[in-house]
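Novice: Below, each chain spelled out in residue letters.
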Amino acid sequence: KNEVEQSPQNLTAQEGEFITINCSYSVGISALHWLQQHPGGGIVSLFMLSSGKKKHGRLIATINIQEKHSSLHITASHPRDSAVYICAVTNTGNQFYFGTGTSLTVIP
Amino acid sequence: ETGVTQSPTHLIKTRGQQVTLRCSSQSGHNTVSWYQQALGQGPQFIFQYYREEENGRGNFPPRFSGLQFPNYSSELNVNALELDDSALYLCASSLNNPGANVLTFGAGSRLTVL
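Sequences listed follow chains P and A, in order. The numbers in the first sequence follow my numbering, run straight up by one, and end at 108. The numbers in the second sequence follow my numbering, run straight up by one, and end at 222.
Derived from the structure by calculation, the hints contain no laboratory data. Honestly, I wouldn't trust all of these hints.
Derived CB-CB ranges, DEER-like [claimed, not checked]:
(1) A/159 / P/15: 46 to 52 Å
(2) P/53 / A/177: 36 to 42 Å
(3) A/120 / P/12: 32 to 38 Å
(4) P/49 / A/191: 34 to 40 Å
(5) P/9 / A/161: 34 to 40 Å
(6) A/136 / P/103: 28 to 34 Å
(7) P/65 / A/191: 37 to 43 Å
(8) A/169 / P/2: 17 to 23 Å
Glycine is no exception: its CB is placed at the ideal position from the N, C-alpha and C atoms.
Construct the entire structure; sequences and hints are all you get.
Specialist: Okay, structure coming up:
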């Protein structure tokens, strides 16, 4: 069993739809990261959070420490949001654990 | 402010050879971490360096080793290459602050082992 599990693995949405990607983890963490990876490999850090909720533009990330669960929401999705979204956690020993990613395709 | 740069971007090696990948950290960052990403998979944490010392390691054998230099740049060395080592190798830099370790990733080095 992986330390970080994401769902769904693949997601196709129509432009404008509200999207949710879920992440569950099984280790004690100091922080949780949401990352975006476009074809070709480049990874961009979207959020780092250890409690509560963060918002940046149309993206919202939430975390529930007690339930060891985080969600990434995209409002009013757009084709340029198409990418792989990866959840990663950092434990107190400075080790990183990554989910396998959610591949999102937004259709115009 | 410069980002994280990695070199080379692509390389091909044969089984048994050794490879060195390089990473220059983002300005102001003192911590560098390395990841292996096989095709269709999420990244796997290899190790992290802070102040030229390894301070975190994933489940990789000793033939994966690294260095961090005083200017915070880093190298990943892989000895006795195996076919399964073919992957995208990503480097990320950050500040060594567990509450604020936002990662900045390089574009990666794609290694093919034949």
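Novice: Work down the list of hints and note, for each, if the structure agrees.
Specialist: Structure-based check of all given hints:
no. : hint                      : result
1   : A/159 / P/15: 46 to 52 Å  : holds (47 Å)
2   : P/53 / A/177: 36 to 42 Å  : holds (39 Å)
3   : A/120 / P/12: 32 to 38 Å  : holds (35 Å)
4   : P/49 / A/191: 34 to 40 Å  : holds (38 Å)
5   : P/9 / A/161: 34 to 40 Å   : holds (37 Å)
6   : A/136 / P/103: 28 to 34 Å : holds (33 Å)
7   : P/65 / A/191: 37 to 43 Å  : holds (41 Å)
8   : A/169 / P/2: 17 to 23 Å   : holds (20 Å)
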